[in-house]
Each structure stands twice: as C-alpha cells, then as structure tokens.
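Chains as they are written, first to last, in this note's numbering: chain D, 10 to 250; chain S, 10 to 250; chain W, 10 to 250; chain H, 10 to 250; chain L, 10 to 250; chain E, 10 to 250.
Identical copies look the same in the list; a pair holds intra-copy or inter-copy alike.
Computed list of lysine to any residue pairs in SDA-like fashion (alpha-carbon distance at most 25 Å, straight line):
| no. | residue 1 | residue 2 |
| --- | --- | --- |
| 1 | 75 | 230 |
| 2 | 21 | 242 |
| 3 | 236 | 135 |
| 4 | 236 | 175 |
| 5 | 236 | 171 |
| 6 | 197 | 210 |
| 7 | 236 | 148 |
| 8 | 21 | 126 |
| 9 | 197 | 24 |
| 10 | 197 | 164 |
| 11 | 21 | 71 |
| 12 | 48 | 71 |
| 13 | 197 | 236 |
| 14 | 75 | 45 |
| 15 | 75 | 210 |
| 16 | 236 | 180 |
| 17 | 197 | 167 |
| 18 | 75 | 28 |
| 19 | 236 | 198 |
| 20 | 48 | 68 |
The hints are simulated quantities; they were obtained by calculation from the structure and are not laboratory data.
There are 6 protein chains.
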Amino acid sequence: MRIRVVVPVTSKECEIRALEQYSAAASGGTEISTVLLHKGPASVESAYEEALAGPDVLAQIVQAEKEGVDAVISNCMADPGVEAARELVSIPVIWPAETSMHVAAMLGHKFSVVTILVRLIPLFHHHAARIGLTRQLASVRAVNIPVLELDDRAGVASALVSQSIRAVREDMAHVIILGCTGMAGLAKSVEEGLREQGIADVPVIDPATVALKVAEALADMGLSHSKRTYPAPTENEIISN
Amino acid sequence: MRIRVVVPVTSKECEIRALEQYSAAASGGTEISTVLLHKGPASVESAYEEALAGPDVLAQIVQAEKEGVDAVISNCMADPGVEAARELVSIPVIWPAETSMHVAAMLGHKFSVVTILVRLIPLFHHHAARIGLTRQLASVRAVNIPVLELDDRAGVASALVSQSIRAVREDMAHVIILGCTGMAGLAKSVEEGLREQGIADVPVIDPATVALKVAEALADMGLSHSKRTYPAPTENEIISN
Amino acid sequence: MRIRVVVPVTSKECEIRALEQYSAAASGGTEISTVLLHKGPASVESAYEEALAGPDVLAQIVQAEKEGVDAVISNCMADPGVEAARELVSIPVIWPAETSMHVAAMLGHKFSVVTILVRLIPLFHHHAARIGLTRQLASVRAVNIPVLELDDRAGVASALVSQSIRAVREDMAHVIILGCTGMAGLAKSVEEGLREQGIADVPVIDPATVALKVAEALADMGLSHSKRTYPAPTENEIISN
Amino acid sequence: MRIRVVVPVTSKECEIRALEQYSAAASGGTEISTVLLHKGPASVESAYEEALAGPDVLAQIVQAEKEGVDAVISNCMADPGVEAARELVSIPVIWPAETSMHVAAMLGHKFSVVTILVRLIPLFHHHAARIGLTRQLASVRAVNIPVLELDDRAGVASALVSQSIRAVREDMAHVIILGCTGMAGLAKSVEEGLREQGIADVPVIDPATVALKVAEALADMGLSHSKRTYPAPTENEIISN
Amino acid sequence: MRIRVVVPVTSKECEIRALEQYSAAASGGTEISTVLLHKGPASVESAYEEALAGPDVLAQIVQAEKEGVDAVISNCMADPGVEAARELVSIPVIWPAETSMHVAAMLGHKFSVVTILVRLIPLFHHHAARIGLTRQLASVRAVNIPVLELDDRAGVASALVSQSIRAVREDMAHVIILGCTGMAGLAKSVEEGLREQGIADVPVIDPATVALKVAEALADMGLSHSKRTYPAPTENEIISN
Amino acid sequence: MRIRVVVPVTSKECEIRALEQYSAAASGGTEISTVLLHKGPASVESAYEEALAGPDVLAQIVQAEKEGVDAVISNCMADPGVEAARELVSIPVIWPAETSMHVAAMLGHKFSVVTILVRLIPLFHHHAARIGLTRQLASVRAVNIPVLELDDRAGVASALVSQSIRAVREDMAHVIILGCTGMAGLAKSVEEGLREQGIADVPVIDPATVALKVAEALADMGLSHSKRTYPAPTENEIISN
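Throw the hints in and build the complete structure from the sequences for me.
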C-alpha cells in the first residue's frame, strides 16, 4: 500500500521530520512518500495560513492520486484544503484532527486537545462542532510554543504533561490528543510523564499516527469518503489563474 | 459609510450585478464599491472553488481595509477566506450565510435554505453546525440551476417558489433563505409567488441585502469581530510564494 | 422611519433615559418615540414582574402599529409580552436579548452576558435555550446592582468590567453582552476598562443599540416575524376583563 | 392533601369539567378545589391569551398558597404565569406540558404531542426546547378543533386517533401526549382507537392526570421547585396598578 | 396497589434496609415487597457488577409480574437489566436514576448528582446522555464511600453536604440528586445541612422515594413503558443455559 | 498480532462464519481466533438476550486477555458486556456498532444503519445518543430478517439494497452501515446493488471488518480504552454465584 503525506507548508525540515515519523509508524506493507508545498506558509497556525496553503495542497493531492497512491494524509491539525480535496479525488484524504477526535471518542468519555498556541483554541472548538463531537470535547489547552520551535522535544513534552494534567484534573478529560502533527512521537513520553504524576489511566493520542492507521485501514477496506458529501465539481468550470 | 463588496469570482458580470444590487439596497449615507478577483474560479459552487478563491479574497479584503472602508462583504454563501480575513483586518467581514441564518432565526421557529445545486446541500448543514444553528435549520433544498445560469430571473423565481412551498409544507420551514447571493433581488418575487399559492405568512430573506444591513449596523455601532476568536497571525511568519 | 420604544415599566425616568439613549443611537432618518406603561411594575427583574407588565405592553404595541410606526422595541432583556405582541401586529417587535445574542454569536466563538442580579442568571440560560444558542453562551454573570440603582454610571461600569474580566478569563467568553437595557451607553466604557486590564480584543455589546439597529434594518428591508411562528389569534375570541 | 386547580380562563364550564376530571383522577386522600379567573381570556390558544391570563393566574396561585393548599396545577398546556408563580410561592406549581413531556420521555424513545390547533405547533417545540427535551420530541400534530369545541368527545377522540396514527407511522412516535388539558379523559379512548388500527403498543398520556399525580407525589415527598431557579422577587418592588 | 422492589445484589442487609425505606415512603394503599438476587454481586458499583446482576434481575422481574404486582422498582442507580426487563413484562419497571433525573429537571434549571465513588462519575454522564438530559446535568460529584460502608449515616450525610455545596457554588446546580439508592432517607438531612451553610433554596432528591412515587403514579394511571421502544423478544428464541 | 473474536451467542455456525469472515479480512500478521459462549442466547436481537449473554461474554474476554491476545472484538452490534469488559481488561475491547458509527461519521455528512429487525431501531438510536453521534445518524431502517435467517445471502443483499435506497433518497443518508455483524461480507454487494440503481456515491460499511481494522490499529499503536472511563472494579468485591 502506498500512502502520500502532504506536508502543507514550505519548510523542508517539516517534510524530513514527517517522513521519519510516518515511516516509523507504518505497517509492514505500507510505503510512505511525502511532498512539500511549492507555494504556501512556513507553518499553519492561523486560518490565514490555512487559506494560503489551500490551492497547492489541492494540487498535490490531485497529483498524488494520479501517481496511484492509495490514500493521502494532510499533515496538519488545521484544515488547509482537505474537504476541497475530497471533492477532487476518490481516494481517502485524511484530516488528522478529525480522525484523532473520533478515535479519542472511542476510547473514553471525553477528550482534551493540547495544542501549540492559545490562538488556535477556538479553531479546535469549531472543528469539534463541525464534525459533531462538541459533547465529547472536555477542553482545548495550549503549551504556547509555535510550530517552528517544537524541536526542543524534552521541553515540549514537559509542557504537554503540565497542560494534560490540568485537562485531566480540572476539565475532566479521560483522553488526551496532542494538538499538532509536529508533536508526533511524543505521545508515549507524555503518557510516561502523566504516570509519574500519578495519572496512569489516560491514553495519549498522536494524531499523525492515528491518521496513518486510519488511512491504512480505509485503503485496505476499499472505503473512501462519500461522494454525496463531497461531489466532484461540475466539469464546465473555467478557472482563470 | 463606505462598504466594499468582494465578489469572490472572476466573471465581470457578477461584479456588475453585485454593484447594482448592493447600491439599490444601500442606506442613504452608504457608498458601495465592488472588487473582483484577479485569480480564482468563475463561480463558487464547491469547496474546491472556495479554496481556489481564498488567497485572492484575502488580498482584496486587506486592500479594502487599507483603503479605509468601514466594512467588507464577501458576496458568496460559501466561505472563501472569510474567517481567515477576520484575522487579518479589524473591520467587520460579513459572511452572508452566517448573517442570514442568524436573522432568519430571529424571525421564526425554523428556516430552510433554497440554494442552487444539490451538491451544496451538505455544505449548508455544515455551515449551520459550525455557527451552532442546526436546531433552527428545517432543511436545505436546491433548484438545480448553476450560478452562471441565474440570469433567467422568472425561471429562477418560479423554481424557488416550488422548492420553498415544499420547504414550508414538508419540512415545516417558517422562514426561507435564498441560498445564493446571485439570487439577490428575488426575495419579494418569491414571497409573492408563495402568497399566490396560499402561503402568505413566510418571510423570504435575501442574504445579500441582509449582509449589507448587518455590515451597516456593525460599522455604525463601531462593533467588529472578536480578536479572541480571530487573532492576528503572528508577525514572524515568512510566506514564500 | 419611525420606531417606537415601549418601556415596559412605570417609572418616568426610565422613559426619559430610553428616549435619550435611543435618539442618540438612531440613524439619520429614524424618528424615535417612547411610551411608558400605565399599569405594571417599576422595573422588570423577575418573571413575576414580566407577567404583570405583559398586558399593557401588548396594548402599547398594538397602539404603536395603529399609529403607523415601522417597528417596535421592547426596552427590556426579559420578555414581557414580546412573543404575544408578534401575534397581534405585523411590524417587527424587537426583543433586545434575542437580537444581542444573535449578533454576539456573529462576532465571536462564545459570549457571556453580564446582567444586574444573580436571580436573573437562569433566565438568560432559558432565553438562550429557547432561541437555540445554548452552545454559544459561555456564562451569565451578575454585578448585583438592581435596575433602579443603575444611575451610578462609573460604579456600574467598574462592576461590569470586573465581571467581564472573569467572563473572559474563567469562562472563555470572546464577546460580552451587557445584560440590562438600563446599561445602555456603557459598552464603550466597559471596552475601555477591559483594555486597561490588558483585554483589548473583546467586543462589548449594548443590547439597546443592537435592538435599534436590527429594528431599522428589518423595517428597511420590509422583513418582519413569520406569521407561521406567530399566527394572529383567532378572531372569535371573547375576552372578559 | 389539598390540591388547587387554577383554570386559567373565564368560562365556567371549563371549571366544571376540570373539577369533575381532577376529582375522578385524585388519589384517596386528595381533595381537589378549582378556581376560575376573574379577568382573562375565554380560552388560551395563543401567546396573546397567555399574556392576558398571566396576572390573574398569579393572583389565584398566591391566594391558593395563603389558603394552605399543598400544590397548585395550572390547567393549561400553555404557560400563563406558571414560572412567575413559582417565584411567588413555595408550594409546587405544576405545568402539565412540562410534567407530561418528562413522563412521556420516561416511557419510551420519543413522543409526539397531538394538540388542538396548527397555530400551537411551534409553541410546543419551544416548550420542549425550554425544558431541554427537543431530542425526545418526535413531532407535534394538531386536530384543528378549538378548545371551546372540544365537547364532541367522540369526534375529538376520532381525530386524535387519526393524528396519533400518523405520529406513530410517519414520525416514529412511541408515546402520544394529548396536547390540551381540555382533552382530559380521552387517553383510554385514543389508546383503544389505536389498538383497533393495529397499534397496540403505544401509551397515550393525559396531561391533566399526569399533572395531578406529579402534584400529589411532590407534595407527598415535601419537594418543590428550586428557589435558586425561581427566587422570590425583591421585596422593595413597588407595583402601580 | 402492590409494588415489588428488586434489590439487585446478594447482601441481605441491603434488602432489609430497602424494605424499611420503601415501606416508610409508601402511600396508604401501597404494599411493598422486596426480593434479593440468588446470584450476583454484593453491591453494584461498576458495569462489571451490573452485567453480573443482569440475568437474575430479569428473572426476578418476570417472577414479580407473574405474582401480579402492579410495578417493579430496580433498587439501584446503575442499570442492571432494567431496559431488558421492560421487554419481558408489561408492568412499569422503574429505574431510579431515570426518574430522579426527570423529576430534578422539573424542579429547577440544572441538577447535580452526588454519588458514592469517583469511578461512577462517567456512568452518570452516560445515563444523562442516554435519556437525553445532558443539558440539565450540572455535574456529578462523589463522596468516595463505597455502598457497603454507607451505614455511618451521619458521616455520609456530612460528606453529601460538602459535595452538594461544591455542586451548588462551583457547578451552578439548583437541585441535588443523591446518587445511590443506599442513601435513601438522607435527603432531608442533606437539605438541613445545606441550610445551615446558607443554602436554603436547593431541593435534595432521594431517588428511591422518587422511584416509588413514580411507580405508584404510573400504576395508578394504568400507564407503562411503550412496547414500541421495548418490544417483547421474538418467541422462537432458544436459550441454552 | 493476535485478535480474539468473541461470538456472544451459542450457535456453532455463527462462530464458523465469524472465523471465516474475520480471517479473510485480517491483515498479514494478524492471527484470528474465535470463541463461542457456553451459556447464553442463540442470537442477540433484544436487550433481554444482551443481558443473558453478558456474564459469559465477560468471562471469555477476561480469558482472552489471560491468553495474551492483543485485542478483543465482541461480534455483535448490540452491547452484551462490552463496557463491563473494558473495566476488567487492559487490552482494547471493540464494539462494532461504536467503531462503525465513528468511521461512518468520518466518511460523510450523515449515515443510516440498516439492521435486521424493526424492534432494534430504537436500540441504535440509543447507541448513537450514548456515543454522542445523534446528529450524524440520518435514520435506522430494518430488512425484517432475523439473525438466524441471514444465510440467504442474495435475498439479504437485495433487501439491504432496497432499504439503503430509501435511506439515501428519503432520509438523506450519505453513508450506509450494515446493522448486524451477521451481514459481514455483504458490503460490496450492497454497494454494487446501489450502483445498479443509480446511486454510485455512497460507501457501505461492514461493521465486522471495520471493527477488525480498528482493533488492529489500536493494538498496533499501543492504545486502549481510558481507565478513567472504565476503571477496574474494586478488589474487595465478593460475588456469590
């Protein structure tokens, strides 16, 4: 099975990190390839950057289907072009925020998202409303570290543990979702950190890994998004750009 | 007061029609200006076209604020860049789907949207979920006429009446929203058509006019969107395009 | 355009203050008139007073329509007779709690209401449930100052700032609604007070002004409440009083 | 135990019928008394009549508590003054729409209300929203017979059966609530009529009887409405009427 | 009227206490009988014990109907076999969690449940979701005392008062439900304790007593659960045990 | 990876069919084993049978964990003991109704369940409410064929197509879930049947296969249910059976 990870930014190191992380998590027969945007933002931390990334994300997903991959993952918790891409292709297009919220809802009563920046908190509330999981969302919290400073893994993990403890103790979260695909690989450290603080019973979800597993599962089952929900654009459209 | 209407497509006739319609509906002291996209789709009838329109919509709204207008209206029921634009500017950025749904909810128990294409039906359900008005949405129906064929005003009005009657009788709608800004000017004809069919008690909402009145009202009160919900993107972002 | 403000109490100074405030906020061509109740409570701070005010509010609104005004505003966040009045007349009857909650929902993720008395807190939760905006209501807080002691404008503003800060910091409000029409004129002072405390990004809504702008907008568009939701009472009713 | 039924209209025959029906349904030790309004509408079929009935309903309920009754029932599915009365007295004030919807929700998956007039349909949707039972409300249907013509018991029962069948077959109702206290005594006939049509598994609820049983139960347990929800009006209020 | 209380555990003292409590609360003509499980857990404090208790609860409820009782109460806030039993019998089968939540919702804006163990908190959230009362549930709190240690009545009451105060002050509860049928008889002490702490306006609900009163009321009205919701299992089933 | 499928009935042919179906769908490294109940119903088509199956399901799942399997699937859309089992073990316990509803929600706007018997329709509404997906559930329909008559694969597929068409056309479903694990293997036939009827854009979900893929994914990621939601029963419990 071939899965394409679209890294919806322009910074090469994000692509390198993504390739490593997804390859490490892939199942036996899964081949991971990644692609970066030609045009777009260095990171996606606002609806503004989401909008800027959109057109090239679309182009990369269409290209991925042409190259015959079995599923695409947009490597971002925001939604730069994911729903639009589902109109254009027939393969599954995975949005990690959506898959990780649904999987979190399967695992426990309520979940919290611990994301990078306070400014993104309302965005996750909107995501939950859009996909209909508002009731299961205990809270959204932020570590206040921007995407491009996520390299200090120990510091990020420590900040995630602190906010996760508050999510569990104050907001009644039973499951934690790491709120940025750039935090991939930290879930087990955060679980460990929680355990050291006496919280041994809360699963921590890495949204990139969940996205990969859902992509593999859907492709394996021959399932994709409903074209009633995401119908192909009418053919006679003329785009001038 | 100066209000800028961003017509998020590239077809000149859409801009001409918008200028006429908004100017006709404007209050005494309101000056309407319009702007077309340089890059983007001929019409917005899919999430795909929404994504393509996004970047230039943003640029036009930023430009509008620089030119000192008091509010901006994105002339589309879809959402090409509206939420992103609210991050970039301080003036109100009006999304006609949002304002017309809230006004419809003020006027009656439940409303239906009668839009152009069946393919857009789930989109309006998502809009309602996102803004939290799912309970008030009786149904979404479509006349199955694409944007660029809306010029047959009598035919469109007649199709709107037919679908509105079904919305009232079968879906229990108490208010009708015309589901495309390209239907501007038809609300009174549809009300008249309903009256001829014995339905004299259902208001019909023209979303473009409502958007204009809300824009005027917000600008007049000095109110704009919350920057807690739409914070400005962080300054150190570097965009390569 | 002529707009009638029904002041649903019997204290003359409330009427004087309302006339000043609405006249100051009115658009160019709008003529404001006010009317006081002949029978009813000195203020409306309970469902009990709401019920007492009801019959004369109805009479005043029917009279207003006879006199040819274009819209009526009931100058109270409670609902003394508003829904009943919509059955009796064809012009818009504006309920400031309803319009300000919908406008707040347009401006940001969630809003809080800061009202006069703790005893009114459940009432606002019921209002939000009735109009379907429970999800958007972050909290209701109270300054604990009764209507008839709202004359100490500086003291009231200061108390509003204190509670608004708690609404923003503890309840995650992104927009504040002043929870009494007697607080008209204080929105900008509260915004200023919040800014001095480091909260520069939260709009504060004056419900009386919003009610006026919505009344003007609806009358201007020829829109009124759906008679499917508010049908005229059957003619053969005989009332013995 | 003494229970007072306030008949919130002015027609003597409504009081006579209520006295008969409640006395027939009362438990052994329960003594029923009834009272009519001095001022108010002949029937309550609109928010307008609800508002007119309000003040005298309040007066009658306050009087009932002074006379030492254990609970009061407002004999109407509409809400003329019930919530206001709960502020003024400490005994339970029963609103049949509320108690019958909660009991229906205990008995099955979803319920429908079959009321007298189409014009009351949105009112029941609002009641359900206010008390938080929207999800359990399958539909509201009407027999189109006004209160004052409910004397043709066989005709009314037959119309109720017809609408109940549609509620069960088309709207998936599992429980039926008779939507007017004037239909008291017809529940068993409607159940019988449904059984003759092959629907033997749907309970039919008489809201007056349910109100009485809930009144008896609450009084027996020494439970009444929360004064946090319905606090007493502040004492220093001055009412000029 | 004869009411059977099924005590869904195997400890004799639970049955003795239940017989005392229900007999004390029964109305004049009501005869209470109790039955214990032959097989099952000593107490029900987990879904595990709920499942173990299920089969014998069913057998006891079927037996109760055969013996001609008018209604059955399962004496537990958890749900060991209640919904299954409603399929097998035609008499009302009362689940105290369900009836007490509905009655609490009738009495005030929001209620909290104060139960025995922290581990049961999500269970009550699930109960509320299942019966559709999530919006009315302010919070669930626990005293951290297991069922079999509830004999220290003063200690339990004191712990209930402490948690109820937090529910009222921090969670905005207007009504308290005691969250274990083993707490029967403590409601008035908790109300008294709250009053001593300055909270005189919050009703406290004893779920066992409410269950009994609802059982009496339903049996008296000839109402039972809808067989559309709880249809009898098909006859041709063969069970091998 | 080793996955145990607990077939919560006593009919050997159900186990044989399950072993075939799960083995066919398993990923390369996955080893499927199945186990039948010693005590319990021949099929699970009611809450009654669910309750009867519960205790032995628990025993089988505990045994499976002792034998070192990585995840367990309860092969039923009903819930005989699943939530209880999650308390007793640390490995994932998969409930196909839950996983298939969440996956359906990822794939499209709304889904319908097409199950075996009309009597199970409210059960699925309750499942959706419990897991918080009520908004995404378009409808539940039934083919009216009991579990033990599912062997006529062509007849069942044809009935599923008929009901799925109604779900799509009348209930606006965008995704179909087969509502019985005994329908495993029919999803592609139903998709094909829909395509022949002109509905080529609706994915059909086989809940058993989805359960297997989710089980594999969770085990692969080292994720399991939150022990905050499903805490282990207290050790000092004594069970007498």
